[in-house]
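**Q** If you read the sequences in order, they're chains A and B.
Residue numbers for the first sequence, in my numbering: 1 to 407.
Residue numbers for the second sequence, in my numbering: 1001 to 1407.
Everything labelled a hint here was simulated from the structure, so no lab data went into it.
A few of these clues could be false.
Computed spacing ranges between beta-carbons, pair by pair [to be verified]:
{"hint": "1", "chain 1": "B", "residue 1": "T1151", "chain 2": "A", "residue 2": "S167", "range": "44 to 54 Å"}
{"hint": "2", "chain 1": "B", "residue 1": "H1342", "chain 2": "A", "residue 2": "R357", "range": "55 to 65 Å"}
{"hint": "3", "chain 1": "A", "residue 1": "A69", "chain 2": "B", "residue 2": "L1328", "range": "53 to 63 Å"}
{"hint": "4", "chain 1": "B", "residue 1": "A1073", "chain 2": "A", "residue 2": "L4", "range": "57 to 67 Å"}
{"hint": "5", "chain 1": "A", "residue 1": "A69", "chain 2": "B", "residue 2": "A1193", "range": "38 to 48 Å"}
Here chain A is said to cover these stretches of chain B; the calculated rule only asks that three of the stretch's residues, wherever they fall, bring their Cβ under 8 Å from a Cβ of chain A [what the hints assert, rightly or not]:
{"hint": "6", "segment": "1059-1069"}
{"hint": "7", "segment": "1157-1165"}
{"hint": "8", "segment": "1186-1194"}
{"hint": "9", "segment": "1209-1220"}
{"hint": "10", "segment": "1263-1273"}
{"hint": "11", "segment": "1276-1289"}
Each residue gets a CB set at the ideal place from its N, CA and C atoms; glycine is no exception.
Listed here are the chains, written in short residue letters.
Number of protein chains: 2
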Amino acid sequence: MTTLTIPDNLLALDARDPLAHKRGEFHLPRGVVYLDGNSLGALPRRVPARLARVAQGEWGEQLIRSWSAGADAGQDWMALPDRVAAKIARLIGARPHEVAVGDSTSVNTFKVLAAALGVAGPGRRVILTDADNFPTDLYVAQGLNALLGGTLELRRVPADDIEAHLSEDVAALLLTQVDYRTGRRLDLAALTAQAQAKGIVTVWDLAHSAGAFPVDLSGAGADFAVGCGYKFLNGGPGAPAFLFAAERHHSAAPVAISGWMGHADPFEMARDFTPAPGARRFVAGTPVVLSLSALDEALDVFADVDLDALRAKSLSLTDTFIDLVEPLAARFPLTLVTPRDHARRGSQVSYRHPQAREVMADLIAAGIIGDFRTPDILRFGFTPLYHSHADVWQAARGVQAVLEARA
Amino acid sequence: MTTLTIPDNLLALDARDPLAHKRGEFHLPRGVVYLDGNSLGALPRRVPARLARVAQGEWGEQLIRSWSAGADAGQDWMALPDRVAAKIARLIGARPHEVAVGDSTSVNTFKVLAAALGVAGPGRRVILTDADNFPTDLYVAQGLNALLGGTLELRRVPADDIEAHLSEDVAALLLTQVDYRTGRRLDLAALTAQAQAKGIVTVWDLAHSAGAFPVDLSGAGADFAVGCGYKFLNGGPGAPAFLFAAERHHSAAPVAISGWMGHADPFEMARDFTPAPGARRFVAGTPVVLSLSALDEALDVFADVDLDALRAKSLSLTDTFIDLVEPLAARFPLTLVTPRDHARRGSQVSYRHPQAREVMADLIAAGIIGDFRTPDILRFGFTPLYHSHADVWQAARGVQAVLEARA
Chain A
1 MTTLTIPDNL
11 LALDARDPLA
21 HKRGEFHLPR
31 GVVYLDGNSL
41 GALPRRVPAR
51 LARVAQGEWG
61 EQLIRSWSAG
71 ADAGQDWMAL
81 PDRVAAKIAR
91 LIGARPHEVA
101 VGDSTSVNTF
111 KVLAAALGVA
121 GPGRRVILTD
131 ADNFPTDLYV
141 AQGLNALLGG
151 TLELRRVPAD
161 DIEAHLSEDV
171 AALLLTQVDY
181 RTGRRLDLAA
191 LTAQAQAKGI
201 VTVWDLAHSA
211 GAFPVDLSGA
221 GADFAVGCGY
231 KFLNGGPGAP
241 AFLFAAERHH
251 SAAPVAISGW
261 MGHADPFEMA
271 RDFTPAPGAR
281 RFVAGTPVVL
291 SLSALDEALD
301 VFADVDLDAL
311 RAKSLSLTDT
321 FIDLVEPLAA
331 RFPLTLVTPR
341 DHARRGSQVS
351 YRHPQAREVM
361 ADLIAAGIIG
371 DFRTPDILRF
381 GFTPLYHSHA
391 DVWQAARGVQ
401 AVLEARA
Chain B
1001 MTTLTIPDNL
1011 LALDARDPLA
1021 HKRGEFHLPR
1031 GVVYLDGNSL
1041 GALPRRVPAR
1051 LARVAQGEWG
1061 EQLIRSWSAG
1071 ADAGQDWMAL
1081 PDRVAAKIAR
1091 LIGARPHEVA
1101 VGDSTSVNTF
1111 KVLAAALGVA
1121 GPGRRVILTD
1131 ADNFPTDLYV
1141 AQGLNALLGG
1151 TLELRRVPAD
1161 DIEAHLSEDV
1171 AALLLTQVDY
1181 RTGRRLDLAA
1191 LTAQAQAKGI
1201 VTVWDLAHSA
1211 GAFPVDLSGA
1221 GADFAVGCGY
1231 KFLNGGPGAP
1241 AFLFAAERHH
1251 SAAPVAISGW
1261 MGHADPFEMA
1271 RDFTPAPGAR
1281 RFVAGTPVVL
1291 SLSALDEALD
1301 VFADVDLDAL
1311 RAKSLSLTDT
1321 FIDLVEPLAA
1331 RFPLTLVTPR
1341 DHARRGSQVS
1351 YRHPQAREVM
1361 ADLIAAGIIG
1371 DFRTPDILRF
1381 GFTPLYHSHA
1391 DVWQAARGVQ
1401 AVLEARA
């Protein structure tokens, strides 16, 4: 990769970046601009040592005793899901006891959808969703419907038409706040209010929200949510996911997957399920300690991060990328699909291009790692914890070079 | 811990132990006899280095590329669940495409129960189970029943009465092969045949079987099964679990939790769920790569292990322990609850004692780590991969010392 001369205005933005010190907390491979943290967040430098301690010390040396060791201080493995939940709660505007950590986003979506249906008004059998929702959300709803004998209807409409479809037969509104392809961000608070005004229970997928910008589930009065541990939370490949259940639903919402780790007293070994207090009841099986410890450690990177500063930087990075790439749209078949409106943008920038797959392959070969999303999307994720405006410059110049080389 | 003089006959058994070389592949803490591998298997020495490679190299350095890197050789993260499934398949007498790895045992129990109900005969609405089954199996069945509107009946009967309750209204028989408290082993083949003769679909929990002795699901013609990655498979705390679905059920069994990683082509991002071939369809969300890699590495310890030799050694270890502890039962209120009959024994030995909780606390303080199970069970798990008959001697002497000290 050749040396680039970064424009002074971008260097100035980096010079006064209040999050600039966070970059050093990540391992970023040499020779690469990594713009795929919205698919797999980069490795926080502190994680490998934590993994080694957990494997060698907690597992290897202390063995089974680690399940209870340090319980008085909440440092036992049993409490690990709760400790991680508390760290995630701050990022999504929830209270710690409203968050349960573990399982995958898919499994958690199943749990909260079942819970939402359980508290929905009688006779409501429609799950309303964005037709372009992330596939697993759609699949999970399909599987749940089949399990329930096809008694539900999964109603898929364009995101723009959601409001018009908030009707009295809808039980649950299942939406992903930020579209994984376009990066378009929905108005979580407004849609929640509109849905609830019609008696509809809301389920938000925060896969591309948590850790990317502040989310305020409590402020919005949201009902249920899920999110991903391995994108903007940087918890590692396939990191445990989370779910949110508003406190007011805890007593009435059914726990569809009721496992022993969601029991009020797991080691009582009682024959009947008595749910643990709070969202902990949604933790089903034994916590996956190695991966969960990595996520726990990764979340500490956020400890001193002001979330409004995070959002401001994210918008500055994505604004910069859009501005730099804009001239290329006049010369190449490149169409911006991410909203320019800040309120409607997540932390990524996407373009349509008729040869998106090939263009992205060339970019990756040149060390600009974004990703291709079917059918024709070039996707560039920006992580304000570790990206600089200089990275954005380098990425934009890379896009230009690849498009020129293909012309 | 004082030096013990091990009887010659036990030293002779250890001297001709064909698995003696496996002990060196585990990290076993000094000053401890660890008899709780049926709760959390000991750390295979090779695992920490694998974790470090995955974290630093595959995640940190290769990042998102690891999902597809090495795909031609099946070495990509996408294929990791399948690679692990193949290793587990050998241990349970299954074919690789009949095993799906991921999620917890609880979540997998939910999946296979839903699948079993989906292929059960019409009108059958009873789940028959052992009243003393492991709690999470009961809880999961309860949660599934509640989700289905209470249309099922969970019929809990003593294990001895199962055969008499194999009636025409039973949809699924849900049994754990080895009782977690008593170590009693059920006749998987016979009960499967008896159940199927009545049109009942079988679901076996192999939590205390897989890796403890050879299981032959294919030979038994079993329908569905689940099992645990962190007990006798030594995959680490909360390691991913597995499920088994007999090939003949693949096309008809519903996939209740249908996530994108069980789709025939996950990155096609199709709007409708098309199941992947084989049991892979039951893999729901993104594989939890760190923990799954630890399990993958741990399973390689079994690569050169003859499973009949494993079983023979397990019986020799448990026989020895029973013989050594037997004289104590005449002096102390200690009652063996594990069957002496080899065919009916797993790889643990359990005793009832009225102060079991306190006795086990004393044992653990003395470096003999078994566990207490409510209400009055002392449980000692034996792992033929890393235990010697000398360990058994030491453990039995420890039990004697603790009981004498309390008398």
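**Q** Now tell me, hint by hint, if it's right for this structure.
**A** Cross-check of the supplied hints:
Judged by the Cβ atoms, the range 44 to 54 Å given for T1151 (chain B) and S167 (chain A) is violated: they are separated by roughly 28 Å. H1342 (chain B) and R357 (chain A) have their C-beta atoms about 60 Å apart, which keeps the hinted 55 to 65 Å range intact. Between A69 (chain A) and L1328 (chain B) the beta carbons are some 30 Å apart, a value that contradicts the proposed interval 53 to 63 Å. A1073 (chain B) and L4 (chain A) have their C-beta atoms about 36 Å apart, which leaves the hinted 57 to 67 Å range violated.
Between A69 (chain A) and A1193 (chain B), the C-beta spacing of about 45 Å keeps the proposed range 38 to 48 Å intact. For the segment 1059-1069 of chain B, the stated coverage by chain A is satisfied: 9 residues place a CB nearer than 8 Å to a CB of that chain, which reaches the threshold of 3. Restraint check on the segment 1157-1165 of chain B versus chain A: 0 residues with Cβ-Cβ distances below 8 Å, three needed, restraint violated. With 0 residues having a Cβ less than 8 Å from any Cβ of chain A, the segment 1186-1194 of chain B misses the three-residue criterion, and the hint is violated.
Only when three residues or more bring their CB closer than 8 Å to a CB of chain A does the claim for the segment 1209-1220 of chain B stand; here the count is 0, and the claim is violated. Check on the segment 1263-1273 of chain B: 9 of its residues sit with their Cβ under 8 Å from a Cβ of chain A, so the three-residue criterion for coverage holds. For a cut-off of 8 Å, the count of residues in the segment 1276-1289 of chain B with a CB near a CB of chain A stands at 6, and the three-residue condition holds.
The earlier numbered hints that this structure contradicts are 1, 3, 4, 7, 8 and 9.
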